Structures are given as structure tokens and as C-alpha cells.
Amino acid sequence: MALKRLSLLANHLNTEPKLATYQTTADKIAIITITRPSKLNAFSTAVWNDLNPLFRQAEDDPNVHVVILTGVGKSFAAGADVSEFQNKSTSSVIITNPIENWFTVLPRMKKPVIAAVNGLALGGGCEVAMMCDIIIASKTAKFGQPEIKLGLIPGAGGTQRLTRVVGKYKAMELILTGDMISADEAKEMGLVNKVVENALEEAIVIAKKIASYSVPVVGIAKKSINFALEVGLSAGLSHELALFNSGFSLQDKEEGISALLNKRKPNFTNK
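Here the sequence shown is numbered in our numbering, starting from 168 and rising by one per residue.
Among the hints, erroneous ones may be present.
With beta-carbon atoms standing in for the labels, derived distance ranges [unchecked claim]: (1) 404 / 239: 40 to 50 Å; (2) 240 / 345: 19 to 29 Å; (3) 356 / 379: 28 to 38 Å; (4) 240 / 424: 42 to 52 Å; (5) 316 / 430: 56 to 66 Å; (6) 430 / 239: 36 to 46 Å.
Hints listed in this document are in silico derivations from the structure and should not be mistaken for laboratory results.
Note that this is a predicted model, so its numbers are computed, not measured.
Beta carbons are placed, not taken as given, at the ideal position from N, Cα and C, and that holds for glycine.
Model the full structure from these sequences, guided by the hints.
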């Protein structure tokens with residue numbers, strides 16, 4: 168009987184629905200989807216336990232050149248599941264460190280990541296979108312950092328990334344009021360690249376274009392742009408020049424120039 172109960176328990180655990188899914192396309196794109204619609208795709212430890220291995224899988228797969236992150240249903244991600252923060256003290260949060268443990272992979276990815284924001288991107292959802300490299304929003308998308316209403320501040324980059332994107336005064340307004348903004352408002356202040364009917368479809372169009380280019384060159388371009396956020400102009404220019412010079416050792420540089428001079432499409436080998 169005990170063995171039977173263990174077998175039933177194992178079968179139950181194996182059939183529990185995943186909170187994130189992974190699929191690849193023939194165009195070398197990985198699409199990672201948050202699948203917790205009953206909670207508006209709110210982030211929990213369980214969600215990130217499913218998400219982080221998928222980010223690692225995409226990063227390690229040579230057949231994946233670009234990653235798209237989206238959510239199922241009416242929400243991209245409606246922030247953190249605050250039930251996990253209830254009855255927590257400062258010391259317990261420091262010890263368990265949920266925010267640091269959740270966001271271990273996405274901000275460090277070398278491959279470009281496109282956020283296809285199909286609905287609510289609030290709190291941690293907005294912060295995760297800002298961890299991505301390009302943000303495409305549907306017309307119904309909403310953005311915001313409402314943590315102030317919970318007696319908290321953003322803890323996963325909201326005060327830092329948002330300020331760098333929209334400037335001090337808009338960041339102050341959004342974070343201190345906790346108000347939501349529309350996709351069009353987000354685009355106007357530079358938080359969103361495009362507002363379209365179907366965010367995932369547009370993200371795939373952009374991802375296909377990026378995926379057709381040299382993987383190492385795309386990677387060093389991303390690295391150089393992100394470096395610009397951390398340093399002054401002089402250091403940034405030196406870093407850019409060093410990366411530019413390193414590209415001359417790539418076969419893809421020769422292929423790209425040859426294709427241009429011979430008026431043909433390049434065939435990059437990612438070497």
C-alpha cells in the first residue's frame with residue numbers, strides 16, 4: 168500500500184501543470200511563456216523555479232539566437248505574489264533573499280530578450296519587462312510600479328531601471344503615486360518600443376530579423392549598449408572601440424562585407 172501511495176504521489180507531481188512553457192521556432196527563436204493566468208501570471212517562487220531553467224536552456228542552446236518572453240491570457244505579469252511576502256521580517260527576507268534568487272538568469276543573459284507585453288505589467292512584471300532588451304506592447308497593455316500602495320518600494324530594479332529609461336521626474340511620479348499608465352503613454356516616455364495589436368506577433372517579426380544576423384556580433388552589441396548604462400562616456404567609448412576591433416577577428420565580418428560588395432544576402436556562420 169505504501170508503495171502504491173508513493174507511486175500515486177509521484178504521478179501527481181509529474182502531472183502538475185508547469186507555470187512556464189518553452190517552445191522554439193524554425194527561425195531560431197525561443198518563446199518562453201508565463202502560464203499562471205488564474206493569478207494574472209503573478210511571480211512566485213514556484214514560477215521562477217520553472218522560468219530560470221528555461222532561460223538557461225535558451226542561453227545554452229546554439230540553435231536559439233533570440234528569446235521572447237510573454238504571458239498567457241490577459242496579463243504579462245501582475246507583479247509578485249505578495250502572499251509570499253506576508254509576515255516576513257527584514258531579517259527573514261535578507262536570509263531567504265527571494266528577489267535575488269528569482270532574478271538570477273534573465274538580467275545576465277547574453278542573447279537578446281524581447282518582452283511581448285500582452286496585458287498587465289505591474290510591479291515585478293514591469294521590472295522584468297525592463298530587464299529585457301526590447302519591449303513590444305499590445306494596445307491593451309498597462310504598466311506601473313504600484314508597490315507604494317502595499318507599503319513597499321520596488322525591489323527588482325524599478326527605482327533604478329525606470330529612472331534610467333524615463334528620467335527622474337516621471338519615475339518619481341509613477342513610483343510615488345503607484346498609478347498605471349497605458350501602452351501609448353509608456354511608448355511616449357520611452358519605456359516601450361512599439362504598441363501594436365498583437366505583441367507576440369510583432370515580437371516574432373523583430374526576433375526573426377535579429378536572429379538572421381551574426382550571433383557573436385549581436386551579443387557584443389548588446390554588451391556594449393548595456394555597458395553604456397554603467398559608466399561615463401569616455402569609458403564607454405573605449406569599451407565600444409575595443410569590442411569593435413574584436414569583431415575584425417570574426418569570419419562573419421568578412422562574410423558581411425563580401426555580401427554587401429557583391430550585392431547578395433550574407434550567410435553568417437556565427438564564427
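Fill in: Status of the given 40 to 50 Å range, CB of residue 239 versus CB of residue 404
Between residue 404 and residue 239, where Cβ atoms are some 43 Å apart, the hint holds.
Worksheet item: Okay, residue 356 versus residue 379 on CB: inside 28 to 38 Å?
Response: Given about 31 Å between the Cβ atoms, the range holds.
Worksheet entry | Assessment of proposed distance window 56 to 66 Å (beta carbons of residue 316, residue 430) | At 58 Å between Cβs, range holds.
Item to complete: With respect to the beta-carbon atoms only, verify the hint that residue 430 and residue 239 lie 36 to 46 Å apart.
Response: 44 Å, holds
Practice prompt. For the range 19 to 29 Å, tell me whether the beta carbons of residue 240 and residue 345 fit it or not.
Written response: This hint holds: roughly 23 Å between Cβ atoms.
Discussion item. I want to verify a distance hint. Is the separation of the beta carbons of residue 240 and residue 424 within 42 to 52 Å?
Written reply: Cβ of residue 240 to Cβ of residue 424: about 46 Å, so the range 42 to 52 Å holds.
In the structure shown, no violation is registered for any of the earlier numbered hints.
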